[in-house]
Amino acid sequence: MLKWHFLCMDVGFSMSNSAPGEEPPFELAKKVIQKFVQRQVFAETKDEMALVLFGTDSTKNPLEQDGQYQNITVHRNLMIPDFELLEEIANQIHPESQQADWLDALVVCMDLLKKQTEGKKYDRLVIVLLTDLCTQASPDELDIIIDNLKTAGITLQFFLPFPAGDDEEGGGDGDRGGSGHPGAGKGLSREQEQGLDMVKHVMLSLDEEDGLDEIYSFRNALEQLCMFKRIERRPTAWPCQLTIGSSLSIRIVGYKAVMDERLKKTWITVDAQTNKRDDVKRETVYCLDDDNETEVQKEDIIQGFRYGSDIVPFSKVDQDQMKYKHDGKCFAVLGFTKQSNIHRHQFIGNQVIKVFAPKDDEHAGVALSALIRALDELNMVAIVRYAYDRRCNPQVGAAFPCIKQHYECLMYIQLPFMEDLSHFTFPSLENKKFVPTEAQLSAVDSLIDSMMLVEKDESGEQKDMLKVHHIPNPAFQRHFQCLHHRAVNPGTPLPPMEPWLKAALERPEVISERCQAPLEEVKRKFPLTAVEKKKQLKTSAQIFARVIVFIFFCLVVVTPVSFPVCQQLTHRIEQLLSNKNTHYYMKSITCIQAFREQSADLYNSYLQSLKRSIPNRGLEVFWDLLVQDAVTLISKDEVEGSTVSKNEANQFLITDEKKEEVAAPTTEDTGDVDDLLDMM
Amino acid sequence: MAEWNAYYRNEDDEEEQEEGEQSGEYKVTGRDSLVFLVDASKEMFIKEEDGKPSNFDMTMQVVRSVYTSKITSSYRDLVALVFYGTEQSKNPRNSFKHVYVYHDLDEPGAKRVQEVDELRGSKGAQLAAKTMGSGETSLGDALWCCANLYSDIKLRLSHKRLMIFTCRDDPHEGDSVKDRQGRTKASDLRDTGVIINLMHLMKPGGFDVSLYFRDIITPPEDESDLGLQLEPCAKLEDLQNRVRAKEKKKRVLNRLNLCLGEGINVAVGVYSTAVPARKPPPIKLYRETNEPVRSKTRVFHTQTGSLLLPSELKKAQVYGKKQIVMETDEVDSIKKFEDPGMFLIGFKPMEKLKLHHHVRPAVFLYPEEDDVKGSSCLFSALLKRCSERNMFALCRFTARRNYSPRFVALVPQEEESDEGKGQITPAGFNVIYLPFADDIRTLDAPQLPCASQEQVDKMKQIVTKLRFKYRSDAFENPAIQQHFRNLEALALDMVAPEDIEDLIMPKVDQIDTRLGPLVQEFKDLVYPANYNPETKPAAKRKTADNGGGAEKKPKVELPEDELRAHVQNSTLGKLTVPVLKDACKKFGVRTTGTKKQELIDALIAQLSS
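Those protein sequences? They're chains D and H, same order as listed. When you line the first sequence up against the numbering used here, it's residues 1 to 680, in that order. When you line the second sequence up against the numbering used here, it's residues 1001 to 1609, in that order.
It is worth saying that the hints were derived from the structure and are not from the lab. Please note that the accuracy of each hint is not assured.
To be verified - Derived PhoX-like pairs (lysine-lysine); straight-line CA-CA distance at most 20 Å:
id	chain 1	residue 1	chain 2	residue 2
1	D	K404	H	K1354
2	D	K46	H	K1460
3	H	K1322	D	K35
4	H	K1322	D	K120
5	H	K1052	H	K1042
Stated by the list, open to error - Now the stretches of chain D that chain H is said to cover, found in silico as 3 or more residues with beta-carbon under 8 Å:
id	segment
6	15-29
7	97-111
8	601-614
Unchecked claim - Not the full set, but computed from the structure, chain D residues with beta-carbon under 7 Å of chain H:
id	residue
9	V41
10	D147
11	K150
12	A152
13	H201
14	E261
15	T294
16	L334
17	N341
18	D389
19	I413
20	V444
21	L494
Don't be surprised by glycine CBs; every beta carbon is placed ideally from N, CA and C.
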C-alpha cells in the first residue's frame, strides 16, 4: 500500500490564539505533524510526503499569479520523509502573521499532487489539512474542487482544534469527536462555523457514509499517534496447487497471515570516537587447538560434521550433491484426520498461512470451497506436505477449514516431525500431598471469577476487556522511542518507558481492584514458602574482588622478588579460568604449575582458596583435570617452610565431593580475607 | 578480565542469541550418561514361536535406536553397553567374572552403532554366543563394574542412569548371598546419584518385580504410585517407548515464578516439548589433519590497526538518513522490561483462544516444589479449576533477562495414562504464545463463489475415503534423516548411504486406487469441461493502471537527471535491482554487492559527492 500524503498546515496568526492556560492550535498542529512524520520515518515505508504551509508571510507556490494564491508556501516537495524534515519542522516552522484561504491552500496541494505524481505508482493519495478555519473561505469554486477531488480519487482529512461532531448534526462520530472536549462546537466564531459547514459539505460529498469520520481534533489525533506504527508488510502471494492424489488439483494462493515479526534492522558496530562504521574491521582467524595456537589459512579449512564421537569431513559440494532433494513447491494432501487428533500445543514453526483460491479463478474457488466446507462439516483437517520452494525443506502440517462471514480459506500450520518431540514424563499431581482441599478450590474459584476478562455487558453481548493481539509489540515501541529520543536529543540519557505502554501490559484496572480480596484469600489458604538456595551464583565482580584481595595480600606479605611474578600468574590464571573451556583450563594448569615453582606459601594459599571457589564458579571440570595431573599443595617434604603435611597434600585432591558442598557456604561467610590473614 | 576476554569473541555469538530465543537452549552443566546393563543368559535368546524377535534381539534394536538418536540429538551424552550373566569376562581391570563390557561409557559413534548391529538377528545371537556366551549371574558384580565405569569418567556428569534389561525375575535363583550383594551394590550406586530402572521383558508365567528387583531399582519420584510398570514389555514398540521416556532427562529451560499477585509466587519450571530439530552446524577442519580448528574474531581499527576494546565501540542504526548511535549497554537496556517471570493478568474462556493465534512453538509448565514449598498445591488447584471450567489463564511472560515480554495463554492439560504402559500426557499447563498487533497481517481475501451442497457432499466422500489416525510422531524429517545417513555412510566407509523413506511424500498410487471414480465425479461437478487447473488461466484482463502512467516495460533506461532526483529524494529504493545495476554500470560505480541496499549505497556515494 503506497500512501502519499500532502500535509497542508495553517500557520496564520489566528493559529497562535488560545484561551489562557491552553496550548495554542499552532503548537498542537505542529505536534500532530511531528508525530505523524516520526512514525513514517521509523516505519520506513516508501510512502512519500509533501508539506505546504499557508498563512505564511511570504509566498512560494507554482500557482501564484496576479495576486492570487498569496501567503501559501510549498515547504517541501513530495519525497520520502527523513530526519531533515523533522528538524525543519522543529526549527523552521513558526507561527506567522498572515492569513490565507484554506480552500486556496487545498487547490495548491491538488496542483502539486497532479504535477508530482504523474507517471508514478501509488495506491492512495491523501491531502491532510490542519487549520482552525478562522479565515473566511470563498465557496465559489467549491463544487469544481469537489469534482476534481473525486475524479483524482483523493482522500481528504481534516484536523481541527475542536471536534466536528455535535448532537444536532448527528453525523459525527460521537466517540471520536465528543469526549474530552467540553464546549465542543461552542465558542466558535462565525467564520469557523461557516468553515465547519463547508468542511462537512466537502466531506459528505466525497463520502456520504463515513466522510465525517475523516475529521479529527488535534487532541484525539495526538492520542492516537502516540504509538509508533505497527510493522506492516505487504503480503506476498504464494501460488501453488493443492493436490489430492495424482489427478485432483486445485489452484491456490497462500499468504502469511500470522507471523512472529522481527525488527527489520540490526545494529551495526561503529567506532566510538568517530561514529563511523568503516573505521571498525572484524577479522576472523582460525587456529589449531594446540599450545602455540598455530594459525591456519582460510583456504586450508574444510567442512566437517559430527556423527556422534566421530567428525566426518564432508565438503559443501558433496553435501549439496548428497543432500535430500525434492520436486520443489508443493501443497499435497497426505490424508485427512479428525481435528481432535491435532494438539494445539504441538504446533510448530512461527507462522500461519492462509490459503485461498486465486481471485480470478472461480472454478478453483468452488473446488476449494467444497473442500473447506467438507472438512468443516466433518470436523476434520487435511494433513499436507508443504514445501515453499525447491531450496526449502518440506514440512508436514495441518490445513484447517476456516469459514468467515466474508470469505473462506484453509489455514496451514506446521506440525512436528518425530525428531522435534521430547516425551517427558512428570510425576502425577494427584498426589495426596498436593491435592487441594475444597476450601482451597473455592478460593481459586472466586479468584477466577474476579479476574474474568470476558464478560457480558448490559446488552448481553460478550466483551473482551483485553485483546492482546491489538497491543503493539512493546519491544518495538520501546526500541523506536529510544532511537527517536537519541536522534532528537543527542547526548541525553534514554527516557523512561512511555506510561501508556507500561499500562498496556498491566492488568486492566477494573480487574486489579476486583481481585484484591480473592487474592488475599488465596494467600491465606495456600501457604507458600521459598526454599533457601544452597548455591549462590557468584558474579564476576565478586570473583574479581577475590583476586584483588589476594593481590593486596601479596603486596603486604610477599618478598619483593617473587611478588610481581605471582601477581601476574594469578591474574593470568583467573583470566584463563573465566573462559570455561578445556583448552584454557589446560593453560591455567600450566600457569599453576609455574606458580608452584615460585612461592610455597603463596601457592598453597592460592590453591586452597581456588579449591573453595570451585563449586560456586562451576569449575568442576577444571578441578578434575587438576586432579588428573596431581597438582596438589606443596608439603613440608618438598619445601621446608610449608605448613602443609605430606598427608594433607595428598588428601587435598581426594576430598569427598559431598563434604565439599556442605562446607562451601560456611567458608563463604567468613570470606577470603580472614583465611589469608590467618596465614600471616 | 572482561577486556582481555573481549578480544576473542565467537563470531556467531549474536546469531546464537537469536537462535536461543527460538529454540530455547539449555544451560549445560555436565554430561548425561546412560548404561545399558543387559542380561545375556540363555533365557534372553529364546525365540518366540510366532517368529517374534527374542528378548535379546529386541533389546539390541532398542540400544541401537538410542545410540542413533543420541548421535542425532545429543552426541555429548555418554552411553555404555554391559552384559551380565556371560561366560566370558571383559572389564577394565578384569576383576569381575561373568561381566562383559561391550562398550564403556563414551560418546556414541558410527563404529559403535555397527557393533550393536552385529548383535542383532540370528547372526547376532551366534556372535554373542561365540564372544560372550552365557554363564553364571551375579548382579552385584555387574553393578559394581558399572559403578567403576562411572567413577572412571573424569567428566562432570549431570545425569546418571542405568537400565537393566532382563527376563529373569529371580536372577540368582535363591542364592541369598548373591542377592544381598546385589542389593548392597545397587544401594551404593543409588547413593552416588545413579538412577536404576528396570526394563523387564516377557517371561513365561509372568515377571514378578516384587520377587527381587523392587529392592534394586530407584523408587519412583512419585510415592503414591509404585512406579513399577508391572506389565512386562512384549512388543518392541512398547519397549522403545518405555526406554525413550526414561532415556532423556527432563531438562528445564528455566525456573521462574508465576506471580498471581503481590507475594503470591508459584515456582514453576518451563520445559520445551516440541522444538524443531535442525541439522547440526558444520565444524571447520584443518585440511591436512582433519582436526577441528577454532576461530577467533578480532575487532580492530581500520586506519590504525590497533585492537578495539568493547568500550571503544558503539552501536548504530540508520533511520530517515540519520545515523543514531547508542552505547552497547544502552542497546541491552532497551530490551529489558522486567525480570524473568510470569505474571497473571486474568482468565478467559477457551473459545477465546483462536486457532490462528500461533507465533511460536508452545512450552510446558510444571510446578517446582523444591523452589517454593506449596507451589504444587496451588498450581494443581489452578489447573483443576481451569480445566473443569474450560478456561485459560492469560499471563505476561518474560522468559529471560533482557527479553521483552510476550502475552501467553496457559492452557490446562490433564494427566492421561495408558493402562500399564505409562503416562501419555502429564498434568500441567501448555503455554501458548499469543501474537501482538504487529504479528497479524492484513490480507485482502478474494471474493469467490461458494460450493453447493452437492459439491461439498462429493468432497466429503473423498475426505472420508482418505481418513487416517494422525500421530505426531509418525513422520520423520527426511532432510535430517538423509543428512545423518550420509554422515553414517562416510563414517563407516559404506559404498552408498542407506535409503531413507520419505514419509511425508503422499502415497499417490494408494490415494488414486482408494478414490477410484470419485475424483472424476468431483471434477465434473466443479470444473467446466475445458478447465485445466495445471495451467495458468488465460492472460489476465488488463486493468486500467490507476497510476495513469506508462505500461511496465521490460527494461527501462534511466535518464541521469531522474536518477539524480531519486538520489536527492532518497527514493532509489523504489527502483528494481536490474535498473539499479544498469545505473551502476552507467556511472562506473563498482560494487561487489548484489543486494539492493548495497547497490543503493554505492550509487548514493557516487552521485551525492
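Status of the hints after comparison with the structure:
1. For the suggested pair K404(D) and K1354(H), the alpha carbons sit about 13 Å apart, so the restraint of at most 20 Å is met.
2. With a C-alpha separation of about 47 Å, the suggested pairing of K46(D) with K1460(H) is violated against the 20 Å cut-off.
3. Of the pairs offered as hints, the one joining K1322(H) and K35(D) holds, with about 17 Å between alpha carbons and a cut-off of 20 Å not exceeded.
4. Taking the CA atoms of K1322(H) and K120(D), the gap is near 26 Å; set against the 20 Å cutoff, the hint is violated.
5. This hinted pair checks out: K1052(H) and K1042(H) have alpha carbons roughly 17 Å apart, not beyond 20 Å.
6. Counting residues of the segment 15-29 of chain D whose beta carbon lies closer than 8 Å to any beta carbon of chain H gives 0, which falls short of the minimum of three for the stated coverage.
7. For a cut-off of 8 Å, the count of residues in the segment 97-111 of chain D with a CB near a CB of chain H stands at 0, and the three-residue condition is violated.
8. Residues of the segment 601-614 of chain D lying with their CB closer than 8 Å to a CB of chain H number 0, which falls below the three-residue condition for coverage.
9. For V41(D), the interface hint holds, since its Cβ comes within 7 Å of a Cβ in chain H; the closest pair sits about 4 Å apart.
10. The criterion of a C-beta within 7 Å of any C-beta in chain H is not met by D147(D), whose closest approach is roughly 17 Å, and the hint is violated.
11. Here the hint on K150(D) is broken, as its CB sits about 14 Å from the closest CB of chain H, past 7 Å.
12. For A152(D), the shortest C-beta to C-beta distance to chain H is roughly 10 Å, which exceeds 7 Å, and the interface hint is violated.
13. Look at H201(D): its Cβ only gets to about 27 Å from chain H, farther than 7 Å, so that hint breaks.
14. Among the interface hints, the one on E261(D) holds; its C-beta lies about 5 Å from the nearest C-beta in chain H, closer than the 7 Å criterion.
15. For the restraint placing T294(D) at the interface with chain H, the shortest Cβ-Cβ distance is roughly 9 Å, beyond the 7 Å limit, so the hint is violated.
16. Evaluation of the L334(D) hint against chain H yields a held restraint, the C-beta minimum of about 5 Å falling below 7 Å.
17. The interface hint given for N341(D) is met, as the beta carbon of that residue sits about 4 Å from the closest beta carbon of chain H, less than 7 Å.
18. Hint status for D389(D): violated, given a least beta-carbon distance of 14 Å to chain H, over 7 Å.
19. Residue-level restraint check for I413(D) holds (minimum Cβ-Cβ distance to chain H is 6 Å; threshold 7 Å).
20. Checking V444(D) against chain H: minimum C-beta separation of about 5 Å stays under 7 Å; hint holds.
21. For L494(D), the suggested interface contact is upheld, since its CB lies about 6 Å from the closest CB of chain H, less than 7 Å.
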